[in-house]
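Go ahead and model the full structure; you've got the sequences and the hints to work with.
Spelled out from the first residue to the last, the chains are:
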Amino acid sequence: MNASILYKDIYKIRTFEEKVLELFSLGHLRGTTHTYIGQEANAVGVISNLNSNDFVVSNHRCHGHYIAFKKNLYALLCELMGKSDGVCGGRGGSQHLCDGTFYTNGIQGGILPLAAGLAYGAKFNQTGQIAVVFIGDGTLGEGVVYETLNIASKWELPLLVVVENNQYAQSTPIQLTLAGTISKRFEAFGINATELSSFDVLEISNAAKSIIDRVRESSKPYGLILNTYRFASHSKSSDGRDPAEVESMRKHDCLQITERLLQESQIESIQGIVNDEVEKVVLQALEA
Amino acid sequence: MKFIESIRNGLDSLLGNYPEVVLYGEDLIDPYGGAFKVTKGLSTKYPDRVWNTPISEAAIIGMSAGMAMCKMKPIVEIMFGDFTSLGVDQLLNHLTKYAWMYNNQVETPVTIRTAMGGRRGYGPTHSQSLEALLSTIPGLSIIAPSHYHDPGRILQQAVLEDSSVKVFSEYKLLYPQELQTPNTVKSGLTLDVSSDVYPIAHLSNCEFDNPEILIISYGGNALLLEQVLLDLLIEYELSAQCALPARIKPFDPLQIQHLISEAQVVLVVEESPKCHGWGAEVVATLSEAGLLSGKNVFRIGSAETPIPSSMAQEEQVLPSAAQIMETISQILV
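Each protein sequence line maps, in turn, to chains A and B.
Just so we're aligned, residue 1 is where the first sequence starts under the numbering used here, counting upward by one.
Just so we're aligned, residue 1 is where the second sequence starts under the numbering used here, counting upward by one.
In silico DSBU-like links for lysine-lysine, alpha-carbon gap of 30 Å or less:
1. B:K40 - A:K123
2. A:K70 - B:K73
3. B:K71 - A:K70
4. A:K236 - A:K251
5. A:K123 - B:K71
6. A:K220 - B:K73
7. A:K123 - B:K37
8. B:K71 - A:K220
9. A:K154 - B:K73
10. A:K123 - B:K45
11. A:K123 - A:K154
12. A:K209 - B:K71
13. B:K45 - A:K220
14. B:K45 - A:K154
15. A:K71 - B:K71
16. B:K40 - A:K154
17. A:K220 - A:K123
18. B:K73 - A:K123
19. B:K40 - B:K71
20. A:K154 - B:K37
21. B:K71 - A:K154
To give a feel for the contact side, a few chain B residues facing chain A, derived at Cβ under 7 Å:
22. G62
23. M67
24. C70
Because the hints were derived from the structure by calculation, they are not lab data.
A virtual CB, placed ideally from N, CA and C, is assigned to each residue, including glycine.
Shown next, in the form of structure tokens:
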């Protein structure tokens, strides 16, 4: 996978999300929004290996997955702003997106059965598609996760479950909520899992590529645990984390890590293109 | 033909003619054939499309949405209606939301079949009629035929032609009942079934269309009401008609407003709890339309307690023919 292509998507998500926060504080967005700032390498690393007709199911923190998969910033921003040009005509808003084979919902864990059902449909219709569902560490408290893992394993469904462990369920650190380990949860259901602590999009992409190939070829579920960190607060609420902790994690910024792989001129060129696109989209969406 | 056979034949026909139809749930494959034996023989005939699941109601209900988005026509059997509560998050926050919140980019034509109702001694958690509870979920259709309908045909139409998310409620005591037609209906009663996709069965103890008593009900309550109609005629010479819509939600009671004009008593009977029930919705709709002024209006439903296992105690909690007769006779006799 080409680092400059991956960098462009990471930068696009970062720039878009920062713009979303800005527009929010200016009063152009209502409700809430859960930004993906800090976790971009996960969405980009995994989704860059998917076919365009694969199923991607995501959660409340879904903008990054959407941009990595569908890339339509204008339709996304319009959706967040409740405008009719939005991916769901403004009905869904930030947490409830649908575009082609991309679906999100705001209920923790409830998206797993949808993803498993899509995987079942792909297998039933012999289309060669797989389903990928992104959940967070906080979602591991929901019972329906385990109902679905059991079924996906037993029925050999082409389902990749990506757990983005950003260490916090809203404000509650994982140490207070999670017994045992995440990987053993998959192991208990006979599902192979890979755990990666990386902010390097190339490393994530390479791991995801072999896993996705395996899911497609074997038609069996797989778990990918990505230990990660978000730099922004959970949503629009206050951030209860120790600022020193957040600051210390900034040395693991996937954006900067990817920049080290590129020439200065490449970075400038990509940033220029993306900045122009985001500015244009914001103006268009504000007028829509 | 019996109620259970009609549903089984409907499923058989769906599976036989439509390769996109699948049927799954707990314990429904042969030789067991389902807790109520509705699916007996089907897994032998269609082994790839009829299968057993783990005891995971939320997951199996939820998965049906994904299958439906892949152009499949899933039918999920939930063994006891009481267990639909385990899938309510999927019904409320997922299945019934997808089509609308995704701006109609997807359809979820899912059918959830389940056995409802008491009078089998199963006690508090295996005897409930949860139609009223489920009917509060926006966008969820609830179909609950009686033995005066053709449940197998209604099921086929629901699966093939109705793109909404549907709960198909099968009253347990109806399974062994012979289906009734205008020709086989008990002496003293007449039956007329409308030609709607979801027909309204009109069961009457008189020949004319303006009864003194109008009873609105559905599903297995018809078993009580057929006796009530005969008793009203024989004991009090009162003309009465039952309207039994096969689909209770959406259901527009104004469809039967022509039956109200001469009625002195309008009664809604359900086995769900009376409090906040389906009957309340029906009565409120009729009242808002100004159709109930000057009439005696009653709701009869289950008491606000769990359903006892003991037969004698259960009779006190669920609606009974005696209770209905007493309610009517206090006004008209």
